[in-house]
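Using the hints provided, position chain H relative to the given structure of chain V.
Chains V and H, in that order, are what the protein sequence lines are.
First residue of the first sequence: 0, per numbering that gives the first Met the number 0; consecutive thereafter.
First residue of the second sequence: 0, per numbering that gives the first Met the number 0; consecutive thereafter.
Some hints here could point you the wrong way.
As the list claims (entries may be wrong) - Examples of chain H residues lying across from chain V (beta carbon under 10 Å, computed):
| # | residue |
| --- | --- |
| 1 | Val356 |
| 2 | Thr369 |
| 3 | Phe388 |
| 4 | Asp391 |
| 5 | Glu474 |
As the list claims (entries may be wrong) - Computed beta-carbon distance windows for the label pairs:
| # | chain 1 | residue 1 | chain 2 | residue 2 | range |
| --- | --- | --- | --- | --- | --- |
| 6 | V | Pro162 | H | Ile538 | 54 to 64 Å |
| 7 | V | Met0 | H | Asp332 | 44 to 54 Å |
| 8 | V | Gly134 | H | Arg624 | 52 to 62 Å |
| 9 | V | Gly134 | H | Arg480 | 29 to 39 Å |
| 10 | H | Asn414 | V | Ile133 | 35 to 45 Å |
It should be emphasised that the hints constitute simulated quantities derived from the structure, not laboratory data.
Predicted model only: the values in this text are computed from it and were never measured.
Glycine is no exception: its CB is placed at the ideal position from the N, C-alpha and C atoms.
As a plain string of letters, each chain reads:
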Amino acid sequence: MTRYLYYPGCSMESNAKAYHESLLAVCEPLGLDLEEIRDWNCCGATEYVGISLTPAYALIGRNLALAAQQANGARTVLAPCSACYLNLAKADHYMQESPRLNERVNIALAAGGLQYRPGSLQIRHLLDVIIHDIGLEAVKSNVVRPLKGLRVAPYLGCMVPRPDYEKRWSDHEHPNELDRLLKALGAEVIDFPLKTHCCGGHMTHIGPSTAFELIRRLVQAADHYKADMMVTLCPMCQMNIDGFQAEMNRHFHTNYHMPIIFFTQLIGLAFGKDPNVLGFGRELTDARAALSKIGFQVPEVVERAETRAARRSKKEGLPMPPPLQRVPEDEEADK
Amino acid sequence: MTDELISQTPADPQERIGVYVCHCGTNIAGVVDVVDVAQWAVGRLKHRGVVIARDYKFMCSSLGQELIEKDIKELGLTRVVVAACSPHLHEQTFRTACQRAGLNPYLCELVSIREQVSWVHTDRVAATGKAKAVVSGGVERVLHHQPLEPLHVPIHPATLVVGGGIAGIQAALEIADAGYPVYLVEREPSIGGHMAQFDKTFPTLDCAACILTPRMVSVGTHPNVTPLTWSEVTKVDGYVGNFTVTIKKKARYVKTELCTGCGICQEKCPKKVIDDIYEAGLGYRKAVYTPFPQAVPKYPVIDRPNCTYFQKGTCRACEKFCPTGAIDFTQKDETITVPVGNIILATGYDIFDARRVSQYGYGRLANVFTSLEFERLSNAAGPTNGNIFLRDGKTMPKTVGVIHCVGSRDRNFNNYCSVICCMQSLKFAHLVKERTGATVYNFYIDMRTAFKAYDEFYQRVLEEGTLFVRGKVAEVTDAVRLPGEEDKLIIQVEDTLVGKQRRIPVDMVILSVGLEPRRDAKAVAQLFGISCSADGWYIEKHPKLDPVATMTEGIFIAGCNQGPKDIPSSVVQGAAAAARVLGRIQQKEIALEPFRASVDEDKCSGCRICNNLCPFNAITFHEDRMVTEINPALCQGCGTCVAACPAGAISGTGFSNEQVLAQIEGLLMLNLETASEAVPV
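Isolated chain V (complex conformation):
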C-alpha cells in the first residue's frame, strides 16, 4: 500500500458521489492508501483564479500547506477531480515560477499559521497514479470479470492532459492512458476523436445554447461510433453530459441516450465488486441497459462496425504508419 495525501474536493461529496464511492471500493485492490487532507477547503473551481490571483492561490495554497503539514513522508497529493487537480498543480507551478506570488501567498498563509514551499509536493491526478505508480499489470491481475462486450468512449475533458506541467501524459490532444486502462479491464475501447474536447464547462449556466452544442457534439460522436457509454474522469464533464443531456435533446429535438460514468466505476465492476457499492444508479442518463450487456454471462458480441485504428498487418490496401510510441501493455490488451 502506498500512502497518498488525498484531496477529494467538493464534487466527490455531491454530484460525483458515484466517483467517490467507486474509488473507495477499489482502493484496496489497487493498493492505494488514501489519507484525506484534514480540514481541506475549496479549490476555487474554474472561476476564482479568473477573479483575483493572490486570494485564489492563497485559497488553493492552504490545501497544499495543510497537505505538507501532515505529509509525514508522503510526497504526492492525489486529486480525482480534474478541476481540483489542475488548480492545485497550477498554484504549485506558478508559486515556483514567480517568487513574488509565492511571497504573497505565504504572507496570507502565515495569517493562519501556515506556510507552503512550492515544489515540495507532487500534485497528481488519480489516473496518472494508476497508470504510472500502480501499473496496468497490477490492474489486470485484479480483473475477475472482464468487461467483454462493453463498447466505451473514453472522455477526459480539457483539464487533465493540459497544460501538463510535469510532462506526465502521452499527448495533449489524444492521450492514450484512459484507453489503455479501459482495455486492460477488457472493454472494447473506441478511438474517441473528441476525447479532450470541451464539455461546455460552466457555459451550461452562462450560455446554455453554447453548452448544448458542445454537449451535442460529444454525445453525437459517441453515438456515431456506437459506444454503449462514455467513460470519464472529470466530475464536471460527467455532470454536463449526464445532467444536461435531456435538456440538450429537447433543445435540438434529438433523442440521444448516452450514459456517462466514471472510470473507477468500471474498475470496480471488472474487479468483481457489487454494482450497488459503486454508485451505479446515481447517473441521470440511465446506464442500466448498457450494463445489462455485461452480466455474469458475457453476452454474444453482436456484429458491429470495426474500431477505427487500422492494423498494419492487414493484407488489403496500403499500410498505416505505426503508432508514435509503442506501448507494450496496449498491444497485449489488444489480444
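The following block gives chain H in isolation, referenced to the frame of chain V:
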C-alpha cells in the same frame, strides 16, 4: 579625415607599437568616440611603446591597410594593434597587411571594439572607456607576441563525400570530373537520396527520376569515383589534408562481382517487408532487395533481421534461384580505411514525424498522408502505380486537403520555415487535379514562393482552380457534426481572410511536413568534429560569405544538412563545396595556423589529465618517460589542455599565460603610470 598623433618620446625603445582605431562607418564611431580613443592611446600608453595612433573610417579598406603598411615602413613599427571588428572577420586582413610591409603577421593583434563594445552598448562615455581598456589590453598582449611561421602540410588529393543524395552526387561528380579521386559513402543500398523517391519536381514538373538517374549512373560508373553504398563512416582521424577515415561496409550477402542485377532473387524471396525508407512505409519490398529498379549500384542486399534464412535457418530461395550463384550468406561486415584530404558532408534530412501533431490524426485516421507518402502514391513506380488512391488502395478521392507548415513555423515543434513545403504543396495540388479531377484545398499560413519561376507556378495552380484557405488548421477529425460530413475527414480551420471558422469535409488529407535534421545529426557532427545549431542543422563558417565551409578545416557541408533547401540550392551547394575542395587540392599544401600547444616536459608530472580532453587526438603519453607530448600537426590550438593542466606545464603559442595575464592587466589599466586615473568602465 585621418588624425595623426605622434608621441614625442617613445618610452620603450625596444618595441614600437602602432594603434589603429577603426570607425567602421558609424558601426563603431556611432557609439565610441574613436578620435578620443586614438588620442588617449598615444598619450597614455606611450611609455608602453605606442608611437603612433590613428583613427580611420574603414581600416579594412585598401587605403586603411596602406596606412598601416606605410607606418610600418616609415616609422619602423615592430608591433601593430588594430581596434576594429571581431578577429573572426578581419584578423587575416590585417595580418596580411603587416606581412606585405615586412612585419611578421603574428605580431599584429586585432581587438574587437565593435561586437564587444559598440554593438552591445548605448552609453557613449562608458563605451569609449571600455574601448580604451580593450585597446590597452591589446597593447599589453602584443608585447608578448612572438614572430611565428605557419605550418605547411601537404593535401591528399582524394576526397570523401558522405551521403549519396543529389547534393553528394553533384559534389562527387564535380571533383571526379576535375580528375581527382572521390569516395562516395551512402548508408542505404543505393545512392539517390530523397530525390529518387519523388515523382515530379517543382516548378517545371520534370520527372525526378528522369533527371536524377543519369547523374546516378555517371557517378556510379565514373573512373574516379569509388561508390561505397550500404556503408557508414565509423571513425575519422587526422586533420585537413591528411584525414584517415574508417568505413564500415555492411555485408550485402551478395557477391557483386558475380551479380548481374537480374532481380530474380527479389522475385523469389518469400519474405515481404514494409519499406519504411524508400516507399515511406506505404509499400513493400522483399528481404533481399534493391530499393528501386534504377538503383545504383544494381546489386541487391539481404536485410538480415528480416531474412527467413538468417532468422530461422531455412529458405535460401534466393540462393537456389540465382543464375550466377552470387548469393553468399557467409559474408561479413568489412572495415576499410581510406586516406583523404578533404571531406564533404551531404547527409540530408529526415521528415518531421507527423504523428507528433496528434490533432491532425496521422497514424489514427487512415486517409491522412504525409507529403513523402504522397510522393510515393503519385509516383508511377510507387505502390499504386501512380494512381492517387485512398488508404484502401482502390478509391479515388473526390476532395483533397493539403495542409502546409506541418511541424514548421510552429513553436511547439520547429520555429523555422522548411522552405520547400509551399512549392511542394502546390505541386501536389496540381498533380491531384491533373490525375483525379478532385477538388483541392490548400491550407496555408503564408504563401512563400520565392526564387525563379516559383511564383509563376503558384499563379498557374491558382488558375487551375485549386482553392486556397489562409489559416492554420486546428484539427482533422472524423467526428461528424453536420450533415454531409459522414464518412469524410473534416478539416476545422479559421479562414483568416473571411474571418470565420470553417469545416471542410474532404476524402484525403496531405500533410506537407517540414524538414528536420537527421535523427543522428548530432552524433555525425561529433564524429567529424563540426558543430550543430540548437535546431540540429550543421553550422557553416559564415552564413553569407562561407556557406559550405565549417569551422573545422577540411570539412565542408552541402545540401539539407545545413538547413532546409530545395533541389536547385542543394545542387548549388554540392558544386560549391566541390569547388572549395578542388581549390585546396590545387594548392597541393595548406598553411596551418601556427597556434599550437606545447608541453614543458620538466614541469609535466605525467598526471594524464589532459590526455583524454583533446578533441583532435593530438596528445600522446610516453610511458617510458612519464610525460605527455603534443603533436603539432594535429593540435588545433583550442587551448583545452592548457586550461586543464594543473602543473601549468602546457602553454599555447599565441595564447600563453604571459599573453593572457598581460592582456588582463591591460584591460584593468594596471599599465597606466597612475592607475588611479583609470577610466571607469
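How the hints compare with the structure:
{"no.": "1", "hint": "Val356", "verdict": "8 Å, holds"}
{"no.": "2", "hint": "Thr369", "verdict": "8 Å, holds"}
{"no.": "3", "hint": "Phe388", "verdict": "8 Å, holds"}
{"no.": "4", "hint": "Asp391", "verdict": "4 Å, holds"}
{"no.": "5", "hint": "Glu474", "verdict": "8 Å, holds"}
{"no.": "6", "hint": "V:Pro162 / H:Ile538: 54 to 64 Å", "verdict": "33 Å, violated"}
{"no.": "7", "hint": "V:Met0 / H:Asp332: 44 to 54 Å", "verdict": "53 Å, holds"}
{"no.": "8", "hint": "V:Gly134 / H:Arg624: 52 to 62 Å", "verdict": "60 Å, holds"}
{"no.": "9", "hint": "V:Gly134 / H:Arg480: 29 to 39 Å", "verdict": "37 Å, holds"}
{"no.": "10", "hint": "H:Asn414 / V:Ile133: 35 to 45 Å", "verdict": "39 Å, holds"}
Hint 6 from the list above is the single one not met by this structure.
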